[in-house]
Amino acid sequence: MSLSREQIAMRVAQEFSDGDYVNLGIGIPTLAANYVDKDIEVMLQSENGLLGMGPYPTEEQVDADMINAGKETVTASKGASIFSSAESFAMIRGGHVDLTVLGAFEVDVSGSIASWMIPGKLIKGMGGAMDLVAGARNIIVTMTHADKHGNSKLLDSCTLPLTGVNCINRIITDLAVIEVKDGAFHLKEKAPDVTVEEIKSKTAGKLIITENTPDMSF
Amino acid sequence: MSLSREQIAMRVAQEFSDGDYVNLGIGIPTLAANYVDKDIEVMLQSENGLLGMGPYPTEEQVDADMINAGKETVTASKGASIFSSAESFAMIRGGHVDLTVLGAFEVDVSGSIASWMIPGKLIKGMGGAMDLVAGARNIIVTMTHADKHGNSKLLDSCTLPLTGVNCINRIITDLAVIEVKDGAFHLKEKAPDVTVEEIKSKTAGKLIITENTPDMSF
Amino acid sequence: MAGFNKVVESYDAAMAGLTDNMTIIAGGFGLCGIPEGLISQIRKMATTNLTVVSNNCGVDGFGLGVLLQQKQIRKMISSYVGENALFEQQLLSGELEVELTPQGTLAEKMRAGGAGIPAFYTATGYGTPVGEGKETRKFGDRSYIMEESVTGDFSIVKAWKADKYGNCIYRHTAQNFNPMAATAGKITVVEVEELVETGSLNPSEIHTPGIYVDRVIVGTFEKRIERKILTPTTNNQ
Amino acid sequence: MAGFNKVVESYDAAMAGLTDNMTIIAGGFGLCGIPEGLISQIRKMATTNLTVVSNNCGVDGFGLGVLLQQKQIRKMISSYVGENALFEQQLLSGELEVELTPQGTLAEKMRAGGAGIPAFYTATGYGTPVGEGKETRKFGDRSYIMEESVTGDFSIVKAWKADKYGNCIYRHTAQNFNPMAATAGKITVVEVEELVETGSLNPSEIHTPGIYVDRVIVGTFEKRIERKILTPTTNNQ
Chain A
1 MSLSREQIAM RVAQEFSDGD YVNLGIGIPT LAANYVDKDI EVMLQSENGL
51 LGMGPYPTEE QVDADMINAG KETVTASKGA SIFSSAESFA MIRGGHVDLT
101 VLGAFEVDVS GSIASWMIPG KLIKGMGGAM DLVAGARNII VTMTHADKHG
151 NSKLLDSCTL PLTGVNCINR IITDLAVIEV KDGAFHLKEK APDVTVEEIK
201 SKTAGKLIIT ENTPDMSF
Chain B
1 MSLSREQIAM RVAQEFSDGD YVNLGIGIPT LAANYVDKDI EVMLQSENGL
51 LGMGPYPTEE QVDADMINAG KETVTASKGA SIFSSAESFA MIRGGHVDLT
101 VLGAFEVDVS GSIASWMIPG KLIKGMGGAM DLVAGARNII VTMTHADKHG
151 NSKLLDSCTL PLTGVNCINR IITDLAVIEV KDGAFHLKEK APDVTVEEIK
201 SKTAGKLIIT ENTPDMSF
Chain C
1 MAGFNKVVES YDAAMAGLTD NMTIIAGGFG LCGIPEGLIS QIRKMATTNL
51 TVVSNNCGVD GFGLGVLLQQ KQIRKMISSY VGENALFEQQ LLSGELEVEL
101 TPQGTLAEKM RAGGAGIPAF YTATGYGTPV GEGKETRKFG DRSYIMEESV
151 TGDFSIVKAW KADKYGNCIY RHTAQNFNPM AATAGKITVV EVEELVETGS
201 LNPSEIHTPG IYVDRVIVGT FEKRIERKIL TPTTNNQ
Chain D
1 MAGFNKVVES YDAAMAGLTD NMTIIAGGFG LCGIPEGLIS QIRKMATTNL
51 TVVSNNCGVD GFGLGVLLQQ KQIRKMISSY VGENALFEQQ LLSGELEVEL
101 TPQGTLAEKM RAGGAGIPAF YTATGYGTPV GEGKETRKFG DRSYIMEESV
151 TGDFSIVKAW KADKYGNCIY RHTAQNFNPM AATAGKITVV EVEELVETGS
201 LNPSEIHTPG IYVDRVIVGT FEKRIERKIL TPTTNNQ
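As you go down the protein sequences, you meet chains A, B, C and D in turn. Count the first sequence with the working numbering and you get residues 1 to 218, in order. Count the second sequence with the working numbering and you get residues 1 to 218, in order. Count the third sequence with the working numbering and you get residues 1 to 237, in order. Count the fourth sequence with the working numbering and you get residues 1 to 237, in order.
Just chain A, same shape as in the assembly:
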């Protein structure tokens, strides 16, 4: 069985280390915040200008001046700081954010990512995604392994307009954990009950498999 959104988020949360500053994109990445190991602390960066993003507010806490990069109402956690968007992206671009997790349409074996634009569809804009993938030290993509037509999203070379080049370190999909290095995808873990054959068949780009790929554990 492929993983649910929540399971992907749980696996993403295992990538967090104690003391990490983490930027989580909209969707599955944001869910990962719910599964942080109780024994570690991470601080969430929101690129509009907040370091130390807390939970969503209660009705009483709602404040129009307190939102996250997804334009959702939010709170600040203990030890938070708030600053301009220029400072926020100085932080991102300067490599001070330890880990960024974001979604994508496609990733290729060189670690390039396409996530913001599908030609022919109306363009909404890249927001902060291009800055994030150019800036963070470690970048993880979460996405389904294949699109709804069964086409692989892990390619030898991205076909859609890029968000960034040679920047993705790791991909966590509904089927597998993949490391991207040396021009190939390296299968590190597979979803329980998913076969290596299925992962192979849904990975279009060069895939390197070592014996006895472990199952993800939750």
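FYI, nobody ran anything at the bench for these hints, they're computed from the structure. Here the structure is a predicted model, which is why all the values come from computation and not from measurement. A couple of the hints might just be wrong.
If you only want the chain D side, here are some residues facing chain A, beta carbon under 7 Å, derived [stated by the list, open to error]:
1) N167
2) T198
3) P209
One side of the interface only, derived from the structure: several residues of chain D facing chain B at Cβ under 8 Å [unchecked claim]:
4) G33
5) S79
6) G82
Note that the Cβ used here is the ideal one computed from N, Cα and C, for glycine as well.
Place chains B, C and D on chain A using the hints.
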């Protein structure tokens, strides 16, 4: 009679307009702050990171954390703001300071200035002078018209290493007020009791004199 | 003697001098920290052919979206414009042009514009459509693109508190693009929730020093919330 | 679980990892806002061949000047170094190298280094010895030079208050170069007058977010005054 330092400072103060943000260099420029017309307000910028520099402190007010760009103890005036040196020079470089007044060794007819380095003498550094002359909208130099050997400091072309090129608008010396434009010095005012002949003899660069040069008034 | 008193009493005075074809730099992120009254004034003035530099373009009927209704905007420089149906229509019909700019690059372009830095290098967008037609350059073993700064004829900014000298502080994440916008306009107008006594703000806590500000107007704000998300009350947070 | 607790208990721990030939970025302007204890620790460690990026080099016997006494500094990148006789001697004897950099360019080089901007253009220094050997370029009708950013192996910073997460605020003009220095070091060490409870600083008033800070140490400071000038007491001020 050539002007005293105080008289030069008094004449400089006449250049201030109500609402001006002004950066005053060390020496005569700083003295000008004592002669601001009572009917106008100016705010002094100190490039280490203070907008709204007040008077020197009393013994009780002295604070090691409150200094100006000359490293002197100072106070903040009402409505002051304090910020980083990067912000301070963003302000300067971005053309937000209305007027800068500073000293110089030489100025030439193209408005270039030499003020920081005499070859053969030990170099102390330019501090913020190069940023100031590249940044302010209006730059006035105060200096004696000639050096102690009688050599003119107003030249066709500076001989010393430059601080900035084509940036000086006005020169106020112990003898005259000179406008710098169109590749020449233009005599606008002379010190009382100083002859146009003396000014001519002490100005090495191209000098344009119109009839009836008025005396400076204080 | 006006001195440093930058307070104006009417929106007409606040935006006086705005004409067709000008460039406006606007603070705000989504609907958070936007100069609501100044935007309404621009709508009232009906100036057209404007270039607007702002991270977003509001929503239909609120924020900068209201300027789309009257077709006052010719070009938007933004990072994300996915919230307005009207935007989409005008873009498809060719009435509106958009220059999509990564969010961090946009923030830095404004800061650089205000700071007298004409251009800078960034890795953001290298190898992507954003980098097309731009100069690239290697520093060390990494490739970068050159981005030029932006400045505007007007900047419109929303602050929380300001004194009459124009010293501003912003509230929470309503800070966002406002401090950079404040530096990058030939004329910077700040719409503020509360005018405070000059000298009452701590000098070291001022986000925008008054030197950047030309006019201050006290506004009233609807502060519409774009996505109100609440914490599940049954959870222990 | 250390979490975000960056407090170290000894100066040895604060500067652990500093070795010969490293580059140190130091906050402070003159003797104002300098990390006195961290400088003393570097003297104690006797690391040599250091490159120090700092607006000034202290005075003889205080501030960064103490590192000159032991000849620990090979190169200074500064805007003004006119306060030390020792500096002069070592410069003339060739033991010390200096790269004079305009004050604003130096501040911006540090900020750019911390912000991942490898280079920027500035009008400062164009046509002067500072511009020699640097690329020039016209934007509009003005000429600029390209300046590259600086980063360091260590940054040493002096703050007024910090919490254990490393969030810092600076006092008055002791802010100066400290915020930029804090961003530009691989390891940033902050020496602070007062450690405050995490959560007690207003998030919008924090000058340096803790993300830039690796270590925090509580110091005691002499805070020597370089030029004590008093207002004439007989005057009405």
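Hint check:
This hint holds: N167 (chain D) has a C-beta 5 Å from the nearest C-beta of chain A, less than the 7 Å allowed. Against a cut-off of 7 Å between C-beta atoms, the interface hint on T198 (chain D) holds, since the closest Cβ of chain A lies about 5 Å away. Restraint check, P209 (chain D) versus chain A: the minimum CB separation of about 4 Å is within 7 Å; hint holds. Nearest Cβ of chain B to the Cβ of G33 (chain D): about 7 Å, under the 8 Å cut. The hint holds.
With a cut of 8 Å, the hint placing S79 (chain D) at the interface with chain B holds, because the nearest CB-to-CB distance is about 5 Å. Checking G82 (chain D) against chain B: minimum C-beta separation of about 3 Å stays under 8 Å; hint holds.
In terms of the numbered hints stated before, the structure departs from none.
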